[in-house]
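Sequence positions in the sequence shown follow the working numbering and run 202 to 260.
Do not rely on the hints blindly, as some may be mistaken.
[What the hints assert, rightly or not] Using C-beta positions, here's what the derived DEER-type ranges look like:
(1) S240 x L212: 40 to 46 Å
(2) L253 x L230: 51 to 57 Å
(3) R217 x T259: 37 to 43 Å
No wet-lab data here; the hints were simulated from the structure. Here the structure is a predicted model, which means the values were calculated and not measured. C-beta: ideal position from N, C-alpha, C; glycine also.
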Amino acid sequence: MDFQRAGQSSLVQPLRLIASCLLLLSLLLSSPTLSCSASSVITHLPGFHGRLPFYLETG
202 MDFQRAGQSS LVQPLRLIAS CLLLLSLLLS SPTLSCSASS VITHLPGFHG
252 RLPFYLETG
């Protein structure tokens, strides 16, 4: 019994590490695509006549 538990715990640690690394990797890879699709360029503001004389991007 003690040998089975020792074998199971030694197997669980690498699986947790792999799962954590995959989760972190998926979050890092999905982050730039979300921020790029949510950005917008502002060219006009209320109360300011005409186009803005500078480049303004939000998001």
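Of the numbered hints stated earlier in the document, which are not met by this structure?
2
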